[in-house]
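Chemist: Chains as they are written, first to last, in our numbering: chain A, 1283 to 1655; chain B, 3 to 339.
Hints may contain errors.
What the hints assert, rightly or not - Here are the simulated DSSO-like cross-link-like pairs (lysine-lysine), alpha carbons at most 27 Å apart as the crow flies:
hint, chain 1, residue 1, chain 2, residue 2
1, A, K1468, B, K38
2, B, K318, A, K1478
3, A, K1369, A, K1516
Claimed, not checked - With the Cβ distance kept under 8 Å, some of the chain A side facing chain B (calculated, not the full set):
hint, residue
4, E1315
5, F1409
6, N1477
7, R1483
8, A1485
Hints were generated in silico from the structure; no laboratory data involved. Given the structure is predicted, the values throughout are model-derived calculations rather than measurements. Beta carbons are placed, not taken as given, at the ideal position from N, Cα and C, and that holds for glycine.
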Amino acid sequence: MAEFRTEEMVLNMGPQHPSTHGVLRLEVVLDGEIVVNVVPHIGYLHRCFEKHAEAMTNYQQVIPYVDRMDYVTSMNNDLAYALAVEKLLGIQVPERVSYIRVIMAELNRIASHLIAIGTYGLDIGAFTPFLFCFRDRELILDLFEMTCGARLLYNYIWVGGLSHDLPDGFVEKARAFIKTFRPNIKELNDLLSYNKIFIDRTANIGVLPADVAINYGVTGPMLRASGVRWDLRKNDPYSLYERFDFEIPVGTNDIGVVGDSWNRYMVRVREMEQSLNIIEQALDNLPSGDVKSAIPKRIRPPVGEAYVRSESPKGELGFYVISDGSGSPFRVKARSPSFCNLSVLPEISRGAMVADLVAILGSIDIVLGEVDR
Amino acid sequence: MQSILENPYLIAVLVALVPLVWILPYALFAIWLERKVSAHMQDRLGPMRTGGWHGWAQTIADMIKLLLKEDIIPSKSEKWLFILAPYIVFAGSYAAYAAIPFTSVYIGSNINVGVFYVVAVSSLVVVGILIGGWASNNKWSLLGAMRSAAQIVSYEIPSTLAILTVVMVVGTLNLQEIVKSQEGWFWNWFVFQKFPFLFIPFLIYFIASLAEVNRTPFDIPEAESELVAGYHTEYSGMRFAMFFLAEYANMFAVSAVAVSLFFGGWQSPFGTALSGPAWGVFWFLSKGLFFIFVQMWLRWTLPRLRVDQLMYTSWKVLMPFAFANIVFIGLWMMFSH
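In isolation and in its complexed conformation, chain B is listed as follows (with noise of 0.2 Å):
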């Protein structure tokens, strides 16, 4: 037994799957929550009934469904690419857990690189989405994974510019440092510090990261008013299950980002009070699920841009707000010191 547990490949498998202990009930949370969230928006109840307290069971008993459901894959696809694809986005976006700091003893992986692996890896996303749109072979979900891929690479850029500046005040990329300097009060993390150096970036970043997990205003990969449901047009059953998964465990991987560079992480916000490792996953998940409500809240609110609009949106405006932000910081400081 003793052995058992000293075994170092067990040991970092083991650590592996917890992420994915977060991100399956996580997930099942989620869509129930955007459920209740867009139904209370628009003068509806949502479900209500399975499992008793306000339909708590809906997405337990959909999941169930979408496992019994028959595997179609449809006679002209790519049979290999089109069962792939779903694995490499839920590949993209769970390897990114691993570099997540949930608390302060509890990090997948702490590599000195964490913030660049996390952006790296969660392009991998963009990998299957084309794959799966071009496996397809539908007109529609190739014109999807073709936007898709397109967003995704152009927002990019103004993200991981905006993750720069944090790196540039921290001097370092590993997330667990980033956190770890934003000890104290909340007036301590960056989205407060240097106002608004800090803050503009955290915009820019909220922003484009909406883009990078396909939602309103930036849901034009899947827009279904004109792409049917893009790249996943053809999918259905548990491959289906697979990207919507995959697209509420990236939404929490977008966050959890964002309030590891900008809301201090697992830090508590009333300094050393209520902070601890326990507390501190509590204060991650509380400020991660915050950030998820505001993507569901402006789901429901906002129309949807068109393709062009959205590329002015990324190149023209949120790129050139980046560029001078880092300079302003940079200046910051360079008379700063």
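Pulled out of the complex, with its shape left as it was, chain A reads as follows (with noise of 0.2 Å):
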């Protein structure tokens, strides 16, 4: 008898799909409901910011362009942004302005992790813990509100400083949010984290073992979920990181394997416990001082190069700024974690299934402003 055959259908997974996260388009080769390959297509939201950067006749202009990288997570870029090019000018801004770009990027750091794991509930069926995440985070865009005056996209913190000083009432008004927060966190892991069927979907599913993640470059929550205890803030600290106590949560062996889908959930949910201690100690020694007096006039680096690496929300996020010695930038090259956390993406999911392929492409959290550029 001849064998039977059974041929392999080719589906494209967006740039239109309500989980691609934005316009990613996957090429999925299926056997049935088995994932037999996946390419990843992105360009789609290519806004050539690298060439853009070269254009701008100041190096604080590349600020707003920075912010709409990431656009969930504008305070870290703008920071890693600033750290850079502070690194060539050599200045050393006051303590405050640290004190507050910590506040800023960890509150950021919560929004961005809410997002990703609201829109991860999404991708798995359960509607619900998307909207609490997005109640809760309202409040941190609120703060963001009173204090530059931007919800999304802050252009908040400079080379050398910050647009605004923290607005009054502000520290009470963080105070009383991370009095709201940590009960939902506790509300969020009854209703999602530890639901069997959330469980069932996401344990075991999308594998990636430390060494693979480390071939890929991959970084950021991804990397803690398999197993790699790196942080920047602790492993190579900025922004007078190394004077807050935290803690670095990694994948564990609990419910699923290290490195599994459900891992990389839990590690942001952990994450945003962290985060809101180093907000509540940055809140405690906030130090007084002015935060523009370190802000140069002209901004003229000197011939050179550098490059700052910090931990974004998605992984380590990099500019490379080569200074030409003019008051613009010559080159300004990022290193986007998305990107590199997309590409492992085929590796780990081989022989997954149609539905699993959706539940690993949440649990990277890309944003495709970044993986773009």
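Starting from the two chains in their separate frames, assemble the complex, guided by the hints.
Modeler: Next up, the structure:
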């Protein structure tokens, strides 16, 4: 009897698909429901950030473009770019500036993780946690709005300082946020993280071993979920992070295995708690000072180059800036974590089902604005 | 005039229209309720403006919008099958209402194989879904339709086995008879009888019925995050509304069967108090709507299972329990006689 033969089907997932998190196209080769291969096609959101940066007449003018890279973690992007230019210039910013930057970066980290967690729940089919996450994120956006007037693209962290000092009442409002948000993490865990169906869907799915993660240049919560205790805030501290006491959550074998989708999700939940600790410490010890005192009148860095890496919510965000001695940057290159993290997708999703592919892609937590730039 | 009213065919048409009089307002109400329930579970308000009081007219406005929309039939689709599919789906769920006893004096058709008929005719929905998925000529629709067919066929088995348990106890397939045999106070309802051998079938039936009507956690055929909108991806306007209407009609149909089999149907929970044909309608509809609410509650709480996990739940969890239960209830019946 002739062997029964089935054909593989090529399916285009995206660029208009509800769970590709933006304009990403996945070319999926399917054998029934099993994924044989998947090729991510990117570039739908390419905005020539690096070329734009060269055309700017001032180093500060690049910051609004940096905002738009990963548009849900603008503060972290600003911070990384500002640190890179400050390194070129050799500027030391006042302590108050560093503390406020840490507060903003950590608040933005929570906001980013809330989006990651909420949309991940949505990918798995749970609608309600998504709205709970957005409700809490709204409180963070309110804090940002009262500080700099913007809710998404802040242009707040400038080279050498900040655009505004903290407004009156910020510290109290931030403390109130921490107080309301802590119980909400527990609620989220009850509703989603430890839900039997959610665990069935995500544990042991898309396992990323630590060595593969390192080979692909995977960073951030994804790398930590694979069991590697690597966080630039601890391993290569910047902006006075060495003064804060916090832990680095890593993947565990409690529920799934190290490196699976559930651990990638859970590391983000645990990181939010650590971020709250950092914000509390920063609010307690906030030094006084002038946040604009170190902002240079004219930015003309000496000829040279600088690379600064920082721990953005998605992973290692680095800026490589070359100066030719003029007022505008000669070259700005961004090392974006979403791009590197996405590259590992084919490796970990072969042999999974279509539904798992969605679960794996969601656990990578990409923002297409940063993948394409 | 007198002769028209005595015309049996006309009477049959009139009687057949009665469930439709219920389904249409019910579907509008249930969609509004779904929005409000989901909104309040998610710290939102939901529709608040249309019609004034808590946006009660929102679904009516939506219905008018859908009616007025351009009728789009994809050029590469199988045109006639594409047009036919929503009607088959709706016909399947509507036909089930024929054997459901709304009250002691009204049942569309008091056939003596009532439950069997409901189970059989609601399977027609699968055919419509398959036709719709195939005729759309869209890979997502086809995947959704195939999943749906596999799912509904699998879950019909545990749900039928659960129904069979009740039939064994009562000894009839007539739904009206089944309801009548649960007369008295609420502890005479079958869900509390022969505890727990009639309670387990209720759970099995309810879980399986969630899968049959494609509700979370079994909403895999229309899993938005994977399959865009599943088998009705290509449908828009009134044809989409037909699928929607059929889904809500089906939700009530399975709830009505659960109520009739396990919760006393139109019987009052308080013995002879508050009973009678009119109260019967009230009790029947409120019990049915309660289960609709439970379905919504689950939908907005739980994530979605994966296809293979869904099949596992049906074949390896629900089926053995349903079979074991039949054996136990059989032994009970044998020794109690």
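Chemist: For every hint, state whether the structure bears it out.
Modeler: Going through the hints against the structure:
1. Distance check on the hinted pair: K1468/A and K38/B sit about 25 Å apart at the alpha-carbon level, within 27 Å; holds.
2. Using a Cα cut-off of 27 Å, the hinted pair K318/B and K1478/A holds, with the two alpha carbons roughly 17 Å apart.
3. Restraint check: the Cα-Cα separation between K1369/A and K1516/A comes to about 19 Å, which is no more than 27 Å; the hinted pair holds.
4. Given hint, E1315/A at the interface with chain B, holds; its Cβ is 6 Å from that chain's nearest Cβ, closer than 8 Å.
5. Annotation: interface hint on F1409/A holds; nearest CB of chain B at approximately 6 Å, less than 8 Å.
6. Hint status for N1477/A relative to chain B: holds, with the closest Cβ pair at about 6 Å, below 8 Å.
7. Satisfaction of the interface hint for R1483/A is found here, the shortest Cβ-Cβ separation to chain B being roughly 6 Å, below the 8 Å cut-off.
8. The criterion of a C-beta within 8 Å of any C-beta in chain B is not met by A1485/A, whose closest approach is roughly 12 Å, and the hint is violated.
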